[in-house]
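A.B. asks: Take a look at the letters that make up each chain.
2 protein chains.
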Amino acid sequence: MAKLLIHSSFFKHNLDLISSHIGSKDKLALVLKDNAYGHGIKEIAKLAKEYGIKNVFVKNEQEALQIHNDFEHITALYGNISPQSPLNICQTIHSLESLRSFSAQRKIELKFNTGMNRNGLEPNQVQEAIELILKNNLSLFGVFSHNGYGDDGGEKMQQQHQKSQEIKEHITHLSKTLGFPLPRFHFLSSSGALRQDKIDEDLVRVGIAAYGYLCTSIPIAKDLKPIASLWAHQISSRILEAGERLGYSGAGIMPSKEIISTYDLGYGDGLFRINEHHQQITCANGEKILPRMSMDCFSCLSNQKEICVFKNAWPWAEKFDTTPYEILVKLSPFIPRELV
Amino acid sequence: MAKLLIHSSFFKHNLDLISSHIGSKDKLALVLKDNAYGHGIKEIAKLAKEYGIKNVFVKNEQEALQIHNDFEHITALYGNISPQSPLNICQTIHSLESLRSFSAQRKIELKFNTGMNRNGLEPNQVQEAIELILKNNLSLFGVFSHNGYGDDGGEKMQQQHQKSQEIKEHITHLSKTLGFPLPRFHFLSSSGALRQDKIDEDLVRVGIAAYGYLCTSIPIAKDLKPIASLWAHQISSRILEAGERLGYSGAGIMPSKEIISTYDLGYGDGLFRINEHHQQITCANGEKILPRMSMDCFSCLSNQKEICVFKNAWPWAEKFDTTPYEILVKLSPFIPRELV
Chain A
1 MAKLLIHSSF
11 FKHNLDLISS
21 HIGSKDKLAL
31 VLKDNAYGHG
41 IKEIAKLAKE
51 YGIKNVFVKN
61 EQEALQIHND
71 FEHITALYGN
81 ISPQSPLNIC
91 QTIHSLESLR
101 SFSAQRKIEL
111 KFNTGMNRNG
121 LEPNQVQEAI
131 ELILKNNLSL
141 FGVFSHNGYG
151 DDGGEKMQQQ
161 HQKSQEIKEH
171 ITHLSKTLGF
181 PLPRFHFLSS
191 SGALRQDKID
201 EDLVRVGIAA
211 YGYLCTSIPI
221 AKDLKPIASL
231 WAHQISSRIL
241 EAGERLGYSG
251 AGIMPSKEII
261 STYDLGYGDG
271 LFRINEHHQQ
281 ITCANGEKIL
291 PRMSMDCFSC
301 LSNQKEICVF
311 KNAWPWAEKF
321 DTTPYEILVK
331 LSPFIPRELV
Chain B
1 MAKLLIHSSF
11 FKHNLDLISS
21 HIGSKDKLAL
31 VLKDNAYGHG
41 IKEIAKLAKE
51 YGIKNVFVKN
61 EQEALQIHND
71 FEHITALYGN
81 ISPQSPLNIC
91 QTIHSLESLR
101 SFSAQRKIEL
111 KFNTGMNRNG
121 LEPNQVQEAI
131 ELILKNNLSL
141 FGVFSHNGYG
151 DDGGEKMQQQ
161 HQKSQEIKEH
171 ITHLSKTLGF
181 PLPRFHFLSS
191 SGALRQDKID
201 EDLVRVGIAA
211 YGYLCTSIPI
221 AKDLKPIASL
231 WAHQISSRIL
241 EAGERLGYSG
251 AGIMPSKEII
261 STYDLGYGDG
271 LFRINEHHQQ
281 ITCANGEKIL
291 PRMSMDCFSC
301 LSNQKEICVF
311 KNAWPWAEKF
321 DTTPYEILVK
331 LSPFIPRELV
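Note that the protein sequences, when read in sequence, are chains A and B.
When you line the first sequence up against my numbering, it's residues 1 to 340, in that order.
When you line the second sequence up against my numbering, it's residues 1 to 340, in that order.
Honestly, I wouldn't trust all of these hints.
Note: identical chains are not told apart, hence a pair may lie in one copy or across any two.
Claimed, not checked - Derived DSSO-like pairs: lysine-lysine, alpha-carbon spacing no greater than 27 Å straight-line:
(1) Lys156 <-> Lys198
(2) Lys42 <-> Lys3
(3) Lys257 <-> Lys156
(4) Lys176 <-> Lys107
(5) Lys54 <-> Lys156
(6) Lys163 <-> Lys257
(7) Lys49 <-> Lys222
(8) Lys42 <-> Lys311
(9) Lys198 <-> Lys42
(10) Lys288 <-> Lys156
(11) Lys107 <-> Lys305
Don't read these hints as lab results, they were simulated from the structure.
All chains, full assembly: derive it from the sequences and hints.
C.D. replies: What follows is the structure, given as structure tokens:
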């Protein structure tokens, strides 16, 4: 059966590298959203807990409930949290409108838009947001934003970072003058944090770097190790002559007389569907995959019982004009994950 | 919250159309594999049962166990079935090798390769397979193949169909001479079946057509209705000036001063990640989506609380050089499915 192996030592290696850079293990918060970027939320939560991680970020309540016993604080980045859910699950507030309608006795984190223009309150809404929180007796646990230029660096990243610092100063000032507890602040994620020499925030939210990737060329990127390798199992094999065709519409053409095998992973399992328009795509050790991929299987010039499809998502990302994030996150949650 | 609406009346419409073409409701077997091609296996199973479907095909044991109470016969197309699983779950055998090692008291279906060269036994292995089955006292329930040229039609499809008929004749002959019960035969899936004027087989395995699509231009294709519409929920909105940028690396550029909203579906939910290299992609009613899509959300020129992302997967399939199958099957199983 196909499986995704999670290499625990590589995960620890990445976390060591990142916490050494940010100067503290305690400031390291892990992003476990979207099934831990496709790696398996329960399996990665287990490793993160063992490592000593206390704070994590997930997509929504459904994910938070799977791992709420493993961490002190779990923030759901999207959606509402039901009243009966454990109180260590914090809800993210993205707009004044949703803040106005929020009345639960549950900790909240305010998300601000510092220039990515995607989600969050505007910086000029700080005062009104804080007044609403005090008036409605809400519990402000955290304040954060997401820098849309972390991978790019440069002036635009700095402009966003500057805005986030102004929000922090404004809220710190209001905390003193209005007498409410200072929330935690976290404005940096993987590449933003790893670009900074000094981390002033309470936390950094590390996602993709923990899984061994960065979509930028900062020096630390080359020292990260992709933690997952994807394996498929042979369903059947046969010898075909040079020029024989296989797959839908006979789109795959045998380059020579060879053994070809079919393996139990397809685009229904989250792989990208290889067709005859794509450049040659191979498995991890160079075994050629022939188009077209089926929903449940692919055919490959190999006779191995188990084949490593990839141990690094970059080549697939490049062939499909996307990022390793998308290659990994689309892996079906039904593929068994195995910690090794 | 995002949701996938399943339009029950469209599903019934498609099944009526298909069973009318094949001349019998009893011959209609439904393919529910890969979470019912992304539509939600439990929800579609419920509708299929209500319609009177008795035979279904799923990906593997995990899927079969979710719906085994709803149908008389469930065939898992891939993988092994545990001894303790219900006996109305049949296992598919893809090779002589796996037939040799099979010993369970469970019904099997033999899959043959009739020219797609992907999976299954070879036609010249019929005799040996039957001898093994009789020697080991196995229960042969069905014999099938998959025609890789169903969407193309023409000579190659006919050649494959001819091979499948020869397998049927050979096994029918052996059944008489060796005295074992005749298995059921099914060699046709959606487009293959809908091209034939007369169906000689015991069953046809209908997948994509039931969901409202065909990747071919045969006349019935235009009468099918896509049964799913995908909806997203607004997270936040803001007014941006013409030329303002949004999303990662500021890749989205506002065409004019407008309200832009962010909605709770992203490439982590199975949508394809729209970047700045893709041609303009819109939601169902023409609302422009700006690059780059995030893992958990997309930004769109709209202020609707709920937006219909698509009610037909074809436009997305065409933009991403793929088929509606891939667009649909990649929709995360965690998006709630709702029967309407």
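A.B. asks: I'd like to know which numbered hints this structure contradicts. Please list them from smallest to largest.
C.D. replies: Hints 5 and 9 not satisfied by this model.
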